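The primary structure of each chain is shown beneath.
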Amino acid sequence: MNLAFLMTKLVRGLLTLLLAVTFVFIVLRASGDPAQMMLADDASADAIAAFRERWGLDRSIFHQYLTYLAAILQGDFGTSFRDGRPALTVIAERLPATLELGVSALLITLALGIPAGIIAALKHGSWVDQATMSFTILGHSIPNFFLGILLILLFSITLRWLPSSGTGSFWHLLMPAITLGTAASATVARFTRSSMLNVLHQPFMRTAKAKGIPHRRRVIGHALPNAAIPVVTVVGMRIGGLIGGAVTIETVFAWPGVGLLLVNAVNQRDLAIVQGIVLLIALTMVTVNLIVDLTYGWLDPRVELHTKRKAKA
Amino acid sequence: MSRHDAVTPMMLARRRPGWLTRLWKTRPPLVIGLCVGWLVLIVVAALGAELLAPYGYAQQNLLNRLQPPAVLGGTAEYWLGTDNLGRDVLSRVIYAMRTSILIALMSTLIGATVGTLLGIVAAHFRGWVDDLIMLLVDFQASIPFLIVALAVLAFFGNNFILLVVLIGLFGWDGYARIARGLVLSTSSQGYAFAIRTLGVHPAKVYWRHVVPNMLGIIMVQVTLNFPEIILLETSLSFLGLGVQPPGTSLGLLLGEGRNYLATAWWIGVPAGVVIFLTTLAISLLGDWLRDKLDPNLQGKR
Numbered sequence: 001m002n003l004a005f006l007m008t009k010l011v012r013g014l015l016t017l018l019l020a021v022t023f024v025f026i027v028l029r030a031s032g033d034p035a036q037m038m039l040a041d042d043a044s045a046d047a048i049a050a051f052r053e054r055w056g057l058d059r060s061i062f063h064q065y066l067t068y069l070a071a072i073l074q075g076d077f078g079t080s081f082r083d084g085r086p087a088l089t090v091i092a093e094r095l096p097a098t099l100e101l102g103v104s105a106l107l108i109t110l111a112l113g114i115p116a117g118i119i120a121a122l123k124h125g126s127w128v129d130q131a132t133m134s135f136t137i138l139g140h141s142i143p144n145f146f147l148g149i150l151l152i153l154l155f156s157i158t159l160r161w162l163p164s165s166g167t168g169s170f171w172h173l174l175m176p177a178i179t180l181g182t183a184a185s186a187t188v189a190r191f192t193r194s195s196m197l198n199v200l201h202q203p204f205m206r207t208a209k210a211k212g213i214p215h216r217r218r219v220i221g222h223a224l225p226n227a228a229i230p231v232v233t234v235v236g237m238r239i240g241g242l243i244g245g246a247v248t249i250e251t252v253f254a255w256p257g258v259g260l261l262l263v264n265a266v267n268q269r270d271l272a273i274v275q276g277i278v279l280l281i282a283l284t285m286v287t288v289n290l291i292v293d294l295t296y297g298w299l300d301p302r303v304e305l306h307t308k309r310k311a312k313a
Numbered sequence: 001m002s003r004h005d006a007v008t009p010m011m012l013a014r015r016r017p018g019w020l021t022r023l024w025k026t027r028p029p030l031v032i033g034l035c036v037g038w039l040v041l042i043v044v045a046a047l048g049a050e051l052l053a054p055y056g057y058a059q060q061n062l063l064n065r066l067q068p069p070a071v072l073g074g075t076a077e078y079w080l081g082t083d084n085l086g087r088d089v090l091s092r093v094i095y096a097m098r099t100s101i102l103i104a105l106m107s108t109l110i111g112a113t114v115g116t117l118l119g120i121v122a123a124h125f126r127g128w129v130d131d132l133i134m135l136l137v138d139f140q141a142s143i144p145f146l147i148v149a150l151a152v153l154a155f156f157g158n159n160f161i162l163l164v165v166l167i168g169l170f171g172w173d174g175y176a177r178i179a180r181g182l183v184l185s186t187s188s189q190g191y192a193f194a195i196r197t198l199g200v201h202p203a204k205v206y207w208r209h210v211v212p213n214m215l216g217i218i219m220v221q222v223t224l225n226f227p228e229i230i231l232l233e234t235s236l237s238f239l240g241l242g243v244q245p246p247g248t249s250l251g252l253l254l255g256e257g258r259n260y261l262a263t264a265w266w267i268g269v270p271a272g273v274v275i276f277l278t279t280l281a282i283s284l285l286g287d288w289l290r291d292k293l294d295p296n297l298q299g300k301r
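Line by line, the protein sequences give chains A and B.
Numbering follows the working numbering, in which position 130 of the first sequence is assigned residue number 130; successive positions increment by one, without gaps.
Numbering follows the working numbering, in which position 36 of the second sequence is assigned residue number 36; successive positions increment by one, without gaps.
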């Protein structure tokens, strides 16, 4: 792996994170007196004074920014004013549920989207292709919270097969994961299909055919690896969609994850929790993007040579 | 070859039929007709809500609470039934369309204008301005916007203007990226160079020559962005963090209906269907437009 390539990506990721922290800082300072914003309404004068001292609120804005940055780097996101515990602890409690849902949804996305896209491309123009394309357009257009509600109506209320909310068993996980995974799989199927179609018409595929390599080996050995690159990118991008989507889906199914925590925290204006979650999501996204970029470079060595900004689809 | 190059600017100067004319000459398939029909219906309903809605959106009739739709044993007075306060679901959906479509239109306008301008600025000045704007583009693209929107609403509290501006900022990065790319490619073309050597001010070159040439592609981007904006607004409202009661929005209706799924599913479902059909219609229309407007793509997809 090319070191310059790695460094460029790393610096870019860190810059994005810094931007995220700065963004939260600016929003926090622009929205009013942080002491009043971050502390509960009934906070004592002592507590307010301690808070001002802690964050250097009487110092210059630049000093405040540095203090803030230092605290964030140490994992100090402030305390939730609902129960006074550190925000990070409260958020960490909710992570397993969100991860469980997110990973299941991602598995559904991959298991559904990639084969569908490949088959549609191989049977280009057939009814399978048409059906896949219709599915991707439908899946892309339906709001995931509406899909969730329709599933609840069908499977929980009409058929009484699945629980409509909560957590605890495989059956609880089923509907939220399907809802979250379907929309993403539509996008993935679409990209896989167009990427495969693109590769199938390349000259090297014709050469392979002329050399007498059997169809199956041409597809698996030649077409798939070359078609994988855009797919990896879109899967990485969809992970962001899963996190964003988790907010609505966790609300629909009362799934006790980070998304539901965020919605409740926004409603109660528990800002320490909100800023913690936003920064955590920024960190996740930057990490995912970094992994995608590195995979990209690994899949296609040519990419490393052009570390310049690549046009995103 | 060099002789042909010399001819190019003059050939470009001759008027090629504009993208609207080209569009007009191709006969759209039935599905596209249906999509356009649905969108016209939505806009008419949104504009003429007062005339079309049989009742006011907040008009309660407590004697007629939770009436099912007319075809499912309800009364003909309430086609789509009534909600928990006896409000007419059809009227509420019509008024909600107005809010959601209005927000989506204003936000799209904001996003497209801001994004296109920043894209042009980035391509015009290059250097650190370009780097800074593209860093912001990457930043915007790298964090789920719903999360950012939720955070801003949490910090600033909710009001309608903030909501519209916030939603408007969603998707600007797409426009910026496209505008930047187009400016970079047009400025290397003969005609832009020719006009500039005549001493025309850059702003005028962009406004009179570059932007009109971009409109087709920007329109395609609008069809990609618009459904996402509707989804963002309805998601926020669904979560109770977008449009606030007593206002209505399609997402808010669906959110309210969620509490009555077991007893009165018709409170929320119609709003969901409207959102779905609208985003579907725009997506299909956008696909078709893209095929028609971008000759490079034809036969490739």
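Derived from the structure by calculation, the hints contain no laboratory data.
Quantities reported herein were computed from a predicted structural model and do not represent experimental measurements.
Backbone N, C-alpha and C define an ideal beta-carbon position, used for all residues, glycine too.
Heads up, some of the hints might be wrong.
Stated by the list, open to error - Listed next, with one range per pair, are the computed distances between beta-carbon atoms:
#, chain 1, residue 1, chain 2, residue 2, range
1, A, Arg52, B, His201, 48 to 58 Å
2, B, Gly33, A, Ala254, 48 to 58 Å
3, B, Glu50, A, Leu10, 36 to 46 Å
4, B, Gly37, A, Ala70, 52 to 62 Å
5, A, Ala92, B, Trp207, 44 to 54 Å
6, A, Leu10, B, Leu72, 56 to 66 Å
7, B, Leu136, A, Met7, 36 to 46 Å
8, B, Leu117, A, Pro203, 56 to 66 Å
9, A, Ala70, B, Leu136, 21 to 31 Å
10, B, Val40, A, Ser60, 41 to 51 Å
11, B, Gly33, A, Thr207, 36 to 46 Å
12, A, Arg82, B, Gly157, 13 to 23 Å
13, A, Asp42, B, Asn159, 23 to 33 Å
Claimed, not checked - Far from chain A, by Cβ distances over 12 Å, these chain B residues were calculated:
#, residue
14, Val71
15, Lys204
16, Val211
17, Gly216
18, Ser235
19, Arg258
20, Gly268
21, Thr278
22, Thr279
(message) Are any of the numbered hints broken by this structure? If so, which, sorted upward?
(response) When the structure is compared with the hints, numbers 2, 3, 7, 8, 10, 18, 19, 20, 21 and 22 turn out to be violated.
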